[in-house]
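Chain order of the listed sequences is A and B. So the mapping is simple: the numbering used here equals the position in the first sequence, first residue as 1, plus 5. So the mapping is simple: the numbering used here equals the position in the second sequence, first residue as 1, plus 5.
Derived from the structure by calculation, the hints contain no laboratory data. One thing to keep in mind: the hints can contain errors.
A pair counts as met if it fits within one copy or between any two copies, since identical chains are not told apart.
Under the rule of at most 27 Å between Cα atoms (straight-line distance), these lysine-lysine pairs were calculated in the BS3-like manner [unchecked claim]:
1) K348 <-> K598
2) K591 <-> K59
3) K461 <-> K496
4) K55 <-> K576
5) K157 <-> K461
6) K530 <-> K598
7) K591 <-> K55
8) K496 <-> K521
9) K461 <-> K576
10) K618 <-> K576
There are 2 protein chains.
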Amino acid sequence: MKAERITPIPFFRVSVNDLFWSPRINTNRMVTVPLGYEQCRKTGRLDAWKLDWKDGDPCRPHIFWDSDVAKWMEASACSLYLHPDNKLKENLNGVINSMEEAQQPDGYLNSYFTAVEPANRWTNLRDRHELYCAGHLIEAAVTHFSVTGDDKFINIIIRYADCIDSVFGNGEGQKRGYPGHEELELALVKLFRATGESRYLALAAFFLNQRGTRPHYYDLESAFRGEDPAENYEYWQAHLPLREQTEAVGHAVRAMYLYSGMADVAVETDDTELAEACRLLWRNVTGKRMYITGGIGSTERGESFTADYDLPNETAYAETCAAIGLVFWAHRMLHIDSAPTAKYADVMERSLYNCVLSGVSLDGSRFFYTNPLEVRPGHAIIQSGPENNYRCSRQEWFNCSCCPTNIMRILSSFGQYIYSSGNDSIYVHLYVGSTAEIDISGIRVKIRQDTEYPWKETVTLSIEPEEPVEFSLSLRIPGWCENASLELNGKEIRQLQISNGYSHMRRMWKEDDTLKLILPMPVRKIEANPEVRDNCGKTAIMRGPIVYCLEEEDNGPNLNDIGLDSSAELKAEYDGNLLGGCTVIKGTASIRKESGWADHLYRPGITEAMQVKIKAIPYCLWNNRRPGGMLVWISENISN
Amino acid sequence: MKAERITPIPFFRVSVNDLFWSPRINTNRMVTVPLGYEQCRKTGRLDAWKLDWKDGDPCRPHIFWDSDVAKWMEASACSLYLHPDNKLKENLNGVINSMEEAQQPDGYLNSYFTAVEPANRWTNLRDRHELYCAGHLIEAAVTHFSVTGDDKFINIIIRYADCIDSVFGNGEGQKRGYPGHEELELALVKLFRATGESRYLALAAFFLNQRGTRPHYYDLESAFRGEDPAENYEYWQAHLPLREQTEAVGHAVRAMYLYSGMADVAVETDDTELAEACRLLWRNVTGKRMYITGGIGSTERGESFTADYDLPNETAYAETCAAIGLVFWAHRMLHIDSAPTAKYADVMERSLYNCVLSGVSLDGSRFFYTNPLEVRPGHAIIQSGPENNYRCSRQEWFNCSCCPTNIMRILSSFGQYIYSSGNDSIYVHLYVGSTAEIDISGIRVKIRQDTEYPWKETVTLSIEPEEPVEFSLSLRIPGWCENASLELNGKEIRQLQISNGYSHMRRMWKEDDTLKLILPMPVRKIEANPEVRDNCGKTAIMRGPIVYCLEEEDNGPNLNDIGLDSSAELKAEYDGNLLGGCTVIKGTASIRKESGWADHLYRPGITEAMQVKIKAIPYCLWNNRRPGGMLVWISENISN
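Chain A extracted, bound-state conformation (with noise of 0.2 Å):
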């Protein structure tokens, strides 16, 4: 029998009004949004659905453009939800009408494809991206659907969803492939979530199974095209079954857009050997192949991951849409099994405040691609190219533009990440002023946060049900947290009933019960397994589920000389004129005396060291203040 389980409470249901998020949001509702059709018209994107491209034109349409505009669209309808604007509802009906239009007659709706190469469609899974541009594009159509009731967008993307399913399967003539880019898996439960159709659920199942399977599809398909076959297929994480798979490997977005697949079709399909497999998998991830940001791909070379403990912080490659990935695998994995784990909302939180956020300027108008965690501009040539600079500061868009739309989708939808419920529970996974209305029993429960987190400690939970209702609240205290303390009207508990990283409190709740929850925030100096070569001798600061860094602005440019000792204090202080406003991490360190080095590189003997003030800033807010170089892991000197 399946077990009851816990399931997310959708964006649309959860109002957030949050000293740190909502700016964010709005900023990326104002801005981001917007400028996200600009650059979508501006580079052909959307007249590319025209399918009148022709050789020789200017704007080549290109094999993923259409998941820029599915990513747009989805951040769209969310943001319309969240506050009407004619002028984004009207670009948002004129490209879903451009699609329609662009529809073929058995559905198949890809403008590359269709207006470039129409012979080729499916004809080489492995590269062309086919598949994942189709994933995008349920995902935004589900999403509209979701939030505006309007279903012509949707049954549009079903007509294209039952051309895949007629296309791909174990029948007769049916291909036997999947997505060289992963993420239709995902999608397809999605459409089957929105639609009850088992047919998407076997689908995205089917395209899991076939995962890695021998003979190899991409073998047999390169074979097919007259080319060599690939190397070796860990880059796609199809060199094996999924089953098989212990160790993450590869383009880092891909392996986290298939391992929630892999997560969503486990809870739905009830199989627990490919839970396990998502266990295993998160083990090495989060256990030895992720920064202390939450970034994940340590490699330029694929985007890749790269071996285990091989953290390196100024070549970090960190994709922001692998961040945005983890986040979207993490919420995933809290909902696997029967009831919650904390430590799978630690990971999501540590990603959503550093790495996600690092991504998009606090203006909204410029993005990281890659999220390094070292940074000295001009000192180094470490990338070939543009790349170089998309290292150092934020660019407006990308030749492959893939973050800049991922993070309008998070940041339209990111209540969805703070509440889930139950038959007769209600778990807090995130801190954030905000109020969400969820049904317990039948009766409407509203729950309602205000705090400043996560800057100040308090978190203050109104429950107000309709009528007294018994349930179990369960709060999350975070990993990063000791001595948590938690006050029920005004009286605090003594006892926390802790189990899976949650504190539960089962109970007949009624109108005005107010919960007090401290969680303090002393400054933390962190220290990486001693596995990590590049952090050893080093410490990064955090606070709370911040994590800091030292940059040129505050602290001049030689971050690296800076030493922190071990009996110096940190402290926190909030500057509300800062950066929007933020605490900051003040303390003295010592740095080497400039002597008279001029030409020298090397001399005997240490130099002496001057103590300085040091200023950390957060991290997901560094760059956007002048350009200059940028510290996370700092060394530390120990005073044995």
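Assemble the complex: chain A is given as a structure, and chain B must be docked to it using the hints.
Then chain B, alone, in the frame of chain A:
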């Protein structure tokens, strides 16, 4: 008037009998040079001279194969001088014969272009290594003539040089181009010195003066081929006229050969401007872009220099050939002024004892192409394909096998770097057990060194003139050395007359004069300029000219987690059984206790450290036992 300059004593006038170098030179002669022939034979490099390769045949000749063969020939000629070897002589003469047969009626001599692309001679100087191969052939022929007196090879090569001289120049119908891979410039100066023919010197100067002028020859040339121009010319050091270049850019080996040629032409033509450009470039390379090992070229991308102070350890390229090229250049800079300055010999010594020697295994059979300062095998995938293995252990050969043949050359002609002389002066640059015969005012002076340098501090120099003769004897006081002292015939010289880093003694030298030079060799902890971000908080260990490293074999796998304590003593200890006999450095350091990290990557606080014993070995000897990690720059705990 041309000032009297001192000149190097060639290797064939120096007999090396040294504890440190002789085993390496002998192994080079007995193992490496024969292996070079065998590899050239096996890979088709020798057969290429038959010019009978046809499309579809295996072993298609390659554009730079001739350079490998030429460098092997040069090494062989030197080896034959050091020790007769009929087999080697026969092999060498065989190659000379096949070159004679391969030479075209107009003197042209290139196995690739003659057999594979006869129509494309001189059409792509930028990329096709034609003039580079010519340079190596000339070097080989000049050396062969110098040590054998046999003029067959040099006469072949003179015909080729004349052919080149007729094609290139400012005359009507002549090409205004210059080598894409520099090398020919320095070779032409050697040919000029060997033959007295000033046309060769003029041609070298022509190539140098043309370099980087506008309109850009490489642009004209690529337009003629119907190809796009290159994006920039830094890679080839052709972005600016040489006299305007002040920063070392682009491909490091190219740069070293170029700067060597510049120094040669500056000396021979009294070109003070060119000499000044050399000095500025020297300042940039050795003051801002050189590893402590004397390695240069920070990145695999283009095997190139990057930016000032950008000296990453793990991803260091530091090609063996580039370190050898730095020795060539340093040796020339030592002779660019009327009197030598020791800083040039300091760098020459730094490269020779560290990055050059690390290029070859103790047994002479395996080679490093790149010489990183930090390695952790299996832990990171930072390089593409096989390159990654190349960094972790020496290889038998390479497709691009420039480094092994350069090792062969420099070891077989090592004696040339030790002494120089002028009309009435003798300079000792390196402390190596050896005997040299030097002509001073027509009187033969034998100078002999007995020493166990670099392991021991004492060098005994015996001066044996045929008859008493007055001259100035100048001994380099190494830049790394403090408190050097000198005894003459058993009596300490109170006040050393030191200028430009040499201790000068002018006197009437007579038979049995003996000097005892004591160069104190305490273990030195070296810090890097604070601008070198990768070495902040780190220390390197040196003793004398030797850079030390930690190897996994002696210190366990987590080398990066080892922290030196500023107060802990490091002791030198000679171990006659280790790696052919060497001085190791021993001491205590701290390392974090393993404690319950399990699947955790990050946690607050600082794990308690425990004391461990460490043992450092000379960097040049690493990777001669079991494969494993290696580290030069070690974390330093600074007690304030």
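Run through the hints listed earlier and report the numbers of any the structure violates, in increasing order. Numbers 2, 4, 5, 7 - these are the hints that the structure violates, sorted from lowest upward.
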